[in-house]
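Chains as they are written, first to last, in my numbering: chain A, 1 to 273; chain B, 1 to 255.
Please keep in mind that the hints were generated in silico from the structure rather than gathered at the bench. Be aware that a few hints might be false.
Straight-line C-alpha distance at most 20 Å; calculated EDC-like pairs for lysine to aspartate or glutamate [to be verified]:
#1 A:LYS231 - A:GLU215
#2 B:LYS28 - A:ASP68
#3 B:LYS63 - B:ASP144
#4 A:LYS224 - A:ASP29
#5 B:LYS59 - A:GLU44
#6 B:LYS77 - B:GLU92
#7 B:LYS63 - A:ASP68
#8 A:LYS38 - B:GLU66
Where chain A lies over chain B, by a calculated footprint (3+ residues, C-beta under 8 Å) [claimed, not checked]:
#9 9-16
#10 49-58
#11 63-69
#12 106-117
#13 182-194
#14 200-206
Just so you know, these numbers come straight off a predicted model, no measurement behind them. We put the beta carbon where it would ideally sit given N, CA and C, even for glycine.
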Amino acid sequence: MPRTLWNGSLSFGLVNVPVSLTSAARDLDLHFRQLHGKDGAPIEQRRFCSKEDVEVQWEEVARGFDLDGKQVILTDAELASVQPRKTRTIDIEAFVDIEEVDPIYFDHPWYLLPFGESEGTLRAYQLLVKVMESTDRAALGRFVMRTKEYLVLVRPRGGLLSLTTMLFHDEVRPADGIAPGGRKPAKKKVDQAVAVIEALSVDWDPERYTDCYRERLTRVVKAKQEGETVKAPSEPKQPKPAPDLMAALEETLAGMKSGGGKGATRKRKATAR
Amino acid sequence: MPRSIWNGTISFGLAYVPVKLYSATESKTVRFHEVHVSDGAKIEHKRICSKEDKEVPFKEVVKGYEISPGEYVVLEKDEIKAAAGARGKVIEIEDFVPGGEIDPIFFEKTYYVGCRDDAEAYLVFRAALERTGRVGIGRFTFHDREYLAALRSLDGVLALHTMRFHDEIVEADDLEAGKPGKGPSKREVEMAGQLVKSLHRKFDPTEYEDTYREAVLDLIQRKAKGEDLGPAEPEPEEEPTDLTAALQASLGKGS
């Protein structure tokens, strides 16, 4: 059972559902430990006072904030006095249509699980799952976890309630100046690009894509363990853009139609897993 | 305009679109640094060798992967780089998929994609993605590791989401959650439905401000002025209530 990162309650009108929060993403990355090259001993990060140069225990650490050149120190207890309700309760403020919420706001996925076995809790939890499943709507709320407030979207997933922490609107940068200006692209070229996109289209199937990086890194560790040496690849070059976009699109389509050549079909076979 | 963080090329079929990446998001969380309570001095983190109990300069640090407790395989930086792959500075699109089919649970971090040199290729590609409603799925290497990425048209620009792999997603079946002996009644579902309806809004992100951030900054100001912050006000304990009664009261029908 994955570990719980937060316990509190989900509040919907006057209905309170005790819940716990557990991650919906598992970390499968290979993690490395810093070692001392000379003796292979693990390295420990320890805290030192910059004034006294002595080691400081965690209990003697407070939070400092630089306010216009003046340092203000806050203790955990002082920080805990800020909006305490929000640290324990996710208040549902509104229900929105899911497709209106752009994923650009999404931060991290979680599940909310009913906390405790009481019949009342389980029934209220079920009620929320059921009512959202039948409406295609998701709940918006806010709460504080580890001294940060999050806007959250709660929606059903596989019979449970999923929760996505979200960014606040001022944490998403405006896209001004990102896209190039200039004339609208010629319709004929867009038509060709659309044809290429259609030809390369498949249904979304997440299992088509495996983490090759993780697989390669695992192989490198294995090879090293068996005493082999592993060489780094040379710096790759930037490909030169095709001088004629239209010709490149046409050639791609032609390659796919003939089912061979140097078009995309062969490339797709090579990358299919 | 922010600085770009990656320069490269999108390839689909035989066409290339030269691009730059920009962060689309920035955290506004109030950041603290660690200080020593007794003298207010900043805390420094030092790397200490656990065997010698002495500080270790950065150039003597190597990376180890723990294969069994206490036993490490040491990897050089170049060896880790080797795993990053030889993809180079290319975002190679493998497939296009209907945008609506991807559960956003897969999306990790968002970047804006700007154009480099060839504005026409960019504009054509973006327009074609918008018209088809498709999202390009590809891979690219960033900071010595390979990512799966989704490329789509968003409000007139190209956006790129780095993605999680399917085995990194926890499915509901992997979890255990208690089921009630008796499900909610028809009446309760109806009342909850009415409550959802009454709270239904059009999504407008600007309606939700991070008020906690402001409250923390206010606390810092008050502390700086020497105000006594005092303990938090105790909150009333919430009584567990009968579900039907709570729904009724929420709808304003309670007596």
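Consistency of the hints with the structure:
1. Only pairs whose Cα atoms come within 20 Å are accepted, and LYS231 (chain A) paired with GLU215 (chain A) is accepted, the gap being roughly 16 Å.
2. A distance of roughly 18 Å separates the Cα atoms of LYS28 (chain B) and ASP68 (chain A); the hinted pair therefore holds under the 20 Å criterion.
3. Among the hinted pairs, LYS63 (chain B) with ASP144 (chain B) is consistent with the structure: their alpha-carbon atoms are about 15 Å apart, no more than 20 Å.
4. With a C-alpha separation of about 18 Å, the suggested pair LYS224 (chain A) and ASP29 (chain A) falls inside the 20 Å cut-off, and the hint holds.
5. Note on LYS59 (chain B) and GLU44 (chain A): the hinted pairing holds, with a Cα-Cα distance of about 15 Å set against a maximum of 20 Å.
6. At most 20 Å may separate the alpha-carbon atoms for a hinted pair to count; LYS77 (chain B) and GLU92 (chain B) exceed this at roughly 25 Å.
7. Proximity of LYS63 (chain B) to ASP68 (chain A) is assessed by CA-CA distance (about 39 Å); at most 20 Å being required, the pair is judged violated.
8. Simply put, LYS38 (chain A) and GLU66 (chain B) have alpha-carbon atoms about 17 Å apart, close enough for the 20 Å limit, and the pair holds.
9. For a cut-off of 8 Å, the count of residues in the segment 9-16 of chain B with a CB near a CB of chain A stands at 7, and the three-residue condition holds.
10. Only residues whose beta carbon comes within less than 8 Å of a beta carbon in chain A count, and the segment 49-58 of chain B has 5; three or more means the coverage holds.
11. Closer than 8 Å: that is the beta-carbon criterion, and the segment 63-69 of chain B has 5 residues meeting it against chain A, so the requirement of 3 holds.
12. A count of 8 residues in the segment 106-117 of chain B with a Cβ less than 8 Å from any Cβ of chain A is obtained; the coverage claim is therefore met, three being the minimum.
13. Against chain A, the segment 182-194 of chain B contributes 7 residues with a C-beta closer than 8 Å to a partner C-beta. That satisfies the three-residue criterion, and the hint holds.
14. A stretch counts as covered by a chain when three or more of its residues have a beta carbon under 8 Å from one of that chain; for the segment 200-206 of chain B and chain A the count is 6, and the coverage holds.
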